[in-house]
Amino acid sequence: MGTNCPDEVESVNHEPLLHATPSGDVLKLRPEGPWTAANVVTLETLSRSVGTDVDRSRAVTLDMSGISALDTLGAWVLEKLSRRAATSGRSAEFVGVADHFSGLMDEVRQVNRHTPAASAAPNPVLARLGELGKSTVGAREDITIFLQMLGALFMAIIGVLRRPRSLRLTSLVYQLYRIGWQAIPIVTLITFLIGAIIAQQGFFHFRRFGAESYTVDMVGILVLRELGVLIVAIMVAGRSGSAYTAELGSMKMREEIDALSTMGLDPVDVLILPRVAALVIALPILTFIGSIAALYGGGLVAQLYGDMGPAIYIARLHEAISVAHFEVGILKAPFMALVIGIVACSEGLRVKGSAESLGRQTTTSVVKSIFLVIVLDGLFAIFFASIGM
Amino acid sequence: MEEPQDQFAIRVRDLVVGFGRQTVLDHLSLDVRRGEILGLVGASGGGKSVLMRTIIGLIPRRSGTIDVMGRPAGNHGRGAAMAWGILFQQGALFSSLTVRQNVQFPLRENLVLSQELMDEIAIAKLEMVGLRAEDADKYPAELSGGMTKRVALARALALDPPILFLDEPTSGLDPIAAGEFDALIKTLQKTLELTVFMVTHDLASLTTVCDRVAALADGKIVAIGPMRELLQSEHPWVRAYFHGKRSQMLQHEMR
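In the order they appear, the protein sequences are chains A and B.
Count along the first sequence starting at 1, add 1, and that's the number in this note's numbering.
Count along the second sequence starting at 1, add 3, and that's the number in this note's numbering.
These are calculated hints, taken from the structure and not from any lab test.
Everything numeric in this text was worked out from a predicted model, so none of it was measured.
Possibly wrong hints are sitting among the right ones.
Stated by the list, open to error - Once the Cα atoms are required to be at most 30 Å apart in a straight line, the calculated DSSO-like pairs of lysine-lysine come out as:
1) B:Lys248 x A:Lys81
2) B:Lys141 x B:Lys223
3) A:Lys81 x B:Lys141
4) B:Lys141 x A:Lys135
All chains, please: the whole structure from these sequences, using the hints.
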């Protein structure tokens with residue numbers, strides 16, 4: 002038999018051995034026992050121990066008659082010894098190979114004969130520079146892909162405007178249900194907590210110089226202009242953007258997207274437009290709900306922690322904020338949704354064959370869309386400041 | 004070296020396997036002799052893969068015994084990779100590892116050996132299954148169907164297991180690639196003295212490489228023996244399988 006189970010080998014046979022007897026210039030090696038993968042540690046030690054003797058002798062004979070079991074690994078270790086012996090005009094030969102091992106030995110003599118041209122290890126500095134260059138080009142590619150997707154979406158929208166019936170209404174409603182309706186509880190909870198925390202911090206710090214009533218101004222303006230939409234957009238990017246990437250990515254892996262294309266359907270029409278449109282519709286609604294929840298959280302803290310009754314809180318809020326603050330926040334929502342949707346879908350379509358690639362693209366999608374949401378928020382802040390809103 | 008009672012690599016006795024109220028294998032008994040290539044045929048969904056997966060231990064059994072290399076199955080645990088190699092239908096290569104790392108995986112997990120030796124063994128295995136050293140740094144997604152099967156075979160053989168399980172090894176391959184794969188299995192079986200358990204529908208494989216063929220129908224082995232004997236079998240399902248229009252056409256041309 003070629004091999005046996007590991008502990009069987011140990012109980013039935015002995016440890017593998019390697020006897021080396023030099024006679025003149027000729028070295029006689031006599032391996033004994035089971036030369037199998039289970040004994041690999043011993044085999045490596047044995048073959049290393051005779052290495053120098055092999056290098057010194059002019060000819061090596063390997064007497065195989067003492068071997069009780071042999072597998073590919075054992076055969077290769079012996080073959081390697083004989084190749085080491087056979088370098089620079091010296092000779093090596095196998096004798097006494099048992100019949101049932103000869104096939105394996107012949108097979109092993111053929112392998113590892115040809116080494117592929119090893120690619121030279123690159124200069125580390127050059128490699129770094131190369132990576133930098135690659136990622137720069139990659140960034141340009143990212144922008145191109147983003148713009149392509151934006152263009153494709155735009156064309157799809159024009160198509161829908163021309164033939165309103167071509168809109169995939171079922172899909173749109175289903176996506177709205179998934180990313181809008183089902184997200185309401187968690188969005189409400191988180192924004193409620195954020196509102197409460199900001200109010201608590203306001204009361205705690207403003208109390209020291211008697212400016213408690215300004216806490217309401219801070220909560221109102223911060224939540225309506227910035228935090229409401231930002232928190233909701235980040236949550237949606239993590240919750241729904243990642244789902245989009247993973248869905249489209251696994252569809253790409255299983256060739257479903259190719260199947261769609263071959264049926265004459267545009268994946269952008271069928272898969273991407275409903276998803277992005279659902280995001281663009283849902284995000285302002287979620288932002289509204291989130292902002293109200295945050296204001297409610299602030300009011301609750303005002304009553305329980307700041308000794309400010311609901312009537313005063315609402316009156317104060319009424320003075321502090323205007324419709325413009327609300328508009329600034331809610332106007333940003335659809336643009337953020339568009340960015341999240343485009344990034345999520347185009348990352349999904351970039352998934353390649355492996356499971357690892359799916360994970361990597363999903364991570365990239367979330368990181369990139371959160372980054373872009375924050376950058377976009379900054380740009381909007383500059384824009385609104387310059388038009389005086 | 005072999006004791007007479009050890010002439011069977013796999014012994015299955017009275018095996019019952021089912022899911023819920025459905026019984027898939029009903030008191031099935033099967034012996035696989037050492038050093039033979041046994042082909043298993045059966046209707047699609049008839050329990051061939053279930054039988055293979057039960058022997059490997061992926062599916063629990065209701066009753067019955069399974070001995071693999073003289074030891075009850077299920078006692079192999081982490082040493083399983085040394086007891087058998089398995090070629091899954093789709094290859095089941097780890098997609099995040101290169102071909103080389105895929106072949107080295109069982110070595111790395113089960114043995115302590117130097118990186119140099121591990122690399123050499125991996126290339127040796129790849130060359131034995133007919134691939135080149137240049138293919139070693141590719142990822143599974145870059146391989147063709149035939150190459151995927153060969154890499155999966157190299158990985159299954161990494162530890163020189165005495166038993167090799169093949170789940171439809173030639174499905175999805177063109178006839179030329181399938182023929183080459185059959186020849187490869189036959190060669191490796193001879194050199195490495197393997198016992199091969201092969202689930203297949205490929206009549207050409209059954210005729211050319213299998214020493215014996217077992218037919219699974221109604222949860223039992225209804226016929227077992229060399230292909231010649233199976234062709235003479237009177238069992239209705241076996242007759243339908245080998246003497247249906249498709250089979251007849253093929254066998255006719257092979258004569």
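Tested hints:
1. B:Lys248 x A:Lys81: violated, 54 Å
2. B:Lys141 x B:Lys223: The given pair, whose Cα atoms are some 43 Å apart, is violated under the 30 Å limit.
3. A:Lys81 x B:Lys141: OK: A:Lys81 and B:Lys141 at ~26 Å, within 30 Å.
4. B:Lys141 x A:Lys135: Within the cut-off at roughly 21 Å; holds.
Going through the hint list in order, the structure does not satisfy hints 1 and 2.
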